[in-house]
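Peer 1: Okay, here's what each chain looks like letter by letter:
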Amino acid sequence: EAQVTQNPRYLITVTGKKLTVTCSQNMNHEYMSWYRQDPGLGLRQIYYSMNVEVTDKGDVPEGYKVSRKEKRNFPLILESPSPNQTSLYFCASRPGAGTEAFFGQGTRLTVV
Amino acid sequence: QKEVEQNSGPLSVPEGAIASLNCTYSDRGSQSFFWYRQYSGKSPELIMFIYSNGDKEDGRFTAQLNKASQYVSLLIRDSQPSDSATYLCAVNEEGDMRFGAGTRLTVKP
Numbered sequence: 064e065a066q067v068t069q070n071p072r073y074l075i076t077v078t079g080k081k082l083t084v085t086c087s088q089n090m091n092h093e094y095m096s097w098y099r100q101d102p103g104l105g106l107r108q109i110y111y112s113m114n115v116e117v118t119d120k121g122d123v124p125e126g127y128k129v130s131r132k133e134k135r136n137f138p139l140i141l142e143s144p145s146p147n148q149t150s151l152y153f154c155a156s157r158p159g160a161g162t163e164a165f166f167g168q169g170t171r172l173t174v175v
Numbered sequence: 400q401k402e403v404e405q406n407s408g409p410l411s412v413p414e415g416a417i418a419s420l421n422c423t424y425s426d427r428g429s430q431s432f433f434w435y436r437q438y439s440g441k442s443p444e445l446i447m448f449i450y451s452n453g454d455k456e457d458g459r460f461t462a463q464l465n466k467a468s469q470y471v472s473l474l475i476r477d478s479q480p481s482d483s484a485t486y487l488c489a490v491n492e493e494g495d496m497r498f499g500a501g502t503r504l505t506v507k508p
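Residue numbers (this note's numbering), protein chains in the order written: chain A, 64 to 175; chain B, 400 to 508.
Worth flagging that the hints you see were computed from the coordinates, not collected in a lab. Hints are supplied without guarantee of correctness; some may be wrong.
[To be verified] List time: in silico DSSO-like cross-link candidates among lysine-lysine, alpha-carbon distance up to 27 Å: (1) K132/A x K80/A; (2) K128/A x K80/A; (3) K507/B x K466/B; (4) K120/A x K81/A; (5) K455/B x K466/B; (6) K441/B x K128/A; (7) K401/B x K455/B; (8) K120/A x K132/A; (9) K120/A x K134/A; (10) K81/A x K132/A; (11) K441/B x K120/A; (12) K401/B x K128/A; (13) K128/A x K81/A; (14) K441/B x K134/A; (15) K80/A x K120/A; (16) K441/B x K81/A; (17) K401/B x K466/B; (18) K120/A x K507/B.
[What the hints assert, rightly or not] Pulled a few chain B residues facing chain A out of the computed Cβ check, cut under 7 Å: (19) F433; (20) M447; (21) F448; (22) S451; (23) G453; (24) N491; (25) E492.
[Claimed, not checked] Among chain B residues calculated to face chain A with C-beta under 8 Å, some are: (26) S407; (27) G428; (28) S431; (29) S442; (30) L445; (31) A467; (32) D495; (33) M496; (34) F498; (35) A500; (36) G501.
Glycine is no exception: its CB is placed at the ideal position from the N, C-alpha and C atoms.
Working from the sequences, and respecting the hints, build out all of it.
Peer 2: Listed below in structure tokens is the structure:
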């Protein structure tokens, strides 16, 4: 089944404890992205990648890191999480420019 | 700052009515436009995409695009309670896709 898989689905952590949210797609898509969704603000892009080893900042990259070492994986790293990073996170992949995005199930992160 | 704007709603319509959702965008270079539906706590799912000026119909849904006015809309005919959700407008930009904040639609039986 074609899909984008995020893990974990739910995570509660403490301020400053490094964490990684994984994202994997099995559709051989070129593009992958991370978004965060907060009430009233919609989906805001954190980082995106147009190919292996190619990443770029979105609108809200502060406090996040990403890497794209393989085409299928695009992990999101929070080196020192803070409470303002409490949010619902979505990973998405796309075949190429101008095409639709396929979303993972979402990760609900709470930083206390 | 490039923007995609939607009326946040909530928009409430009676069952069987037409729901009209609107979206404006600022990047004149955008070429691809998408409407996603999102139920609370779930992932966005694609309803329609449109690339050319004019109307595109798919079942009860019609997307309308006017690039000169930088405006895209979604019409839902014969609205059903199951259409109650948040509708996200998305616009392709150089690099990736930008989303509006979404319009919350409620269809009352």
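Peer 1: For every hint, state whether the structure bears it out.
Peer 2: Hints, one by one, checked against the model:
A distance of roughly 24 Å separates the Cα atoms of K132/A and K80/A; the hinted pair therefore holds under the 27 Å criterion. A C-alpha spacing of about 14 Å is found between K128/A and K80/A, which places the hinted pair at or below 27 Å, so the restraint holds. Using a Cα cut-off of 27 Å, the hinted pair K507/B and K466/B is violated, with the two alpha carbons roughly 33 Å apart. In summary, the hint linking K120/A to K81/A is supported, as the alpha carbons are separated by about 20 Å, within the 27 Å threshold.
Distance restraint check for K455/B and K466/B: the Cα-Cα separation of roughly 14 Å lies within the 27 Å cut-off, and the hinted pair is therefore satisfied. Simply put, K441/B and K128/A have alpha-carbon atoms about 24 Å apart, close enough for the 27 Å limit, and the pair holds. Restraint check for K401/B and K455/B: satisfied, since their Cα atoms lie roughly 25 Å apart, inside the 27 Å limit. A threshold of 27 Å between alpha carbons decides the hint, and for K120/A with K132/A the separation of about 17 Å falls inside it, so the pair holds.
With a C-alpha separation of about 18 Å, the suggested pairing of K120/A with K134/A holds against the 27 Å cut-off. Our distance criterion of 27 Å between C-alpha atoms is met by K81/A and K132/A, whose separation comes to about 20 Å. Distance check on the hinted pair: K441/B and K120/A sit about 25 Å apart at the alpha-carbon level, within 27 Å; holds. Note on K401/B and K128/A: the hinted pairing holds, with a Cα-Cα distance of about 23 Å set against a maximum of 27 Å.
Simply put, K128/A and K81/A have alpha-carbon atoms about 11 Å apart, close enough for the 27 Å limit, and the pair holds. A hinted pair counts as satisfied when its Cα atoms are at most 27 Å apart, and K441/B with K134/A qualifies at roughly 25 Å. Using a Cα cut-off of 27 Å, the hinted pair K80/A and K120/A holds, with the two alpha carbons roughly 23 Å apart. A distance of roughly 26 Å separates the Cα atoms of K441/B and K81/A; the hinted pair therefore holds under the 27 Å criterion.
Taken as a hint, the K401/B and K466/B pair is honoured in the structure, with Cα atoms around 15 Å apart against an allowance of 27 Å. Our distance criterion of 27 Å between C-alpha atoms is broken by K120/A and K507/B, whose separation comes to about 41 Å. Evaluation of the F433/B hint against chain A yields a held restraint, the C-beta minimum of about 6 Å falling below 7 Å. Violation of the interface hint for M447/B is found here, the shortest Cβ-Cβ separation to chain A being roughly 10 Å, above the 7 Å cut-off.
Hint status for F448/B: holds, given a least beta-carbon distance of 6 Å to chain A, under 7 Å. Because the closest C-beta pair between S451/B and chain A is about 12 Å apart, greater than 7 Å, the hint is violated. Interface restraint check: G453/B against chain A, minimum CB-CB distance 18 Å, threshold 7 Å, status violated. Hint on N491/B holds. Least Cβ distance to chain A is approximately 5 Å, under the 7 Å limit.
Proximity of E492/B to chain A is violated relative to the hint, the smallest CB-CB distance being about 10 Å (cut-off 7 Å). Hint on S407/B holds. Least Cβ distance to chain A is approximately 7 Å, under the 8 Å limit. The restraint placing G428/B at the interface with chain A is violated, with a minimum CB-CB distance near 11 Å, outside the 8 Å limit. The interface hint given for S431/B holds, since its Cβ lies 4 Å from the closest Cβ of chain A, which is under the 8 Å cut-off.
The closest approach between the C-beta of S442/B and any C-beta of chain A is roughly 4 Å, which is under the 8 Å cut-off, so the hint is satisfied. Look at L445/B: its Cβ gets to within about 5 Å of chain A, closer than 8 Å, so that hint holds up. Below 8 Å, beta-carbon pairs count as interface contacts, and A467/B has none with chain A, the closest being about 20 Å; its hint is therefore violated. The closest approach between the C-beta of D495/B and any C-beta of chain A is roughly 4 Å, which is under the 8 Å cut-off, so the hint is satisfied.
Among the interface hints, the one on M496/B holds; its C-beta lies about 6 Å from the nearest C-beta in chain A, closer than the 8 Å criterion. Interface hint at F498/B: satisfied, since its Cβ lies 4 Å from the closest Cβ of chain A, which is below the 8 Å cut-off. Hint status for A500/B: holds, given a least beta-carbon distance of 4 Å to chain A, under 8 Å. Interface restraint check for G501/B: the shortest CB-CB distance to chain A comes to about 5 Å, inside 8 Å, so the restraint holds.
Hint check: violations occur at hints 3, 18, 20, 22, 23, 25, 27, 31; the rest are consistent with the structure.
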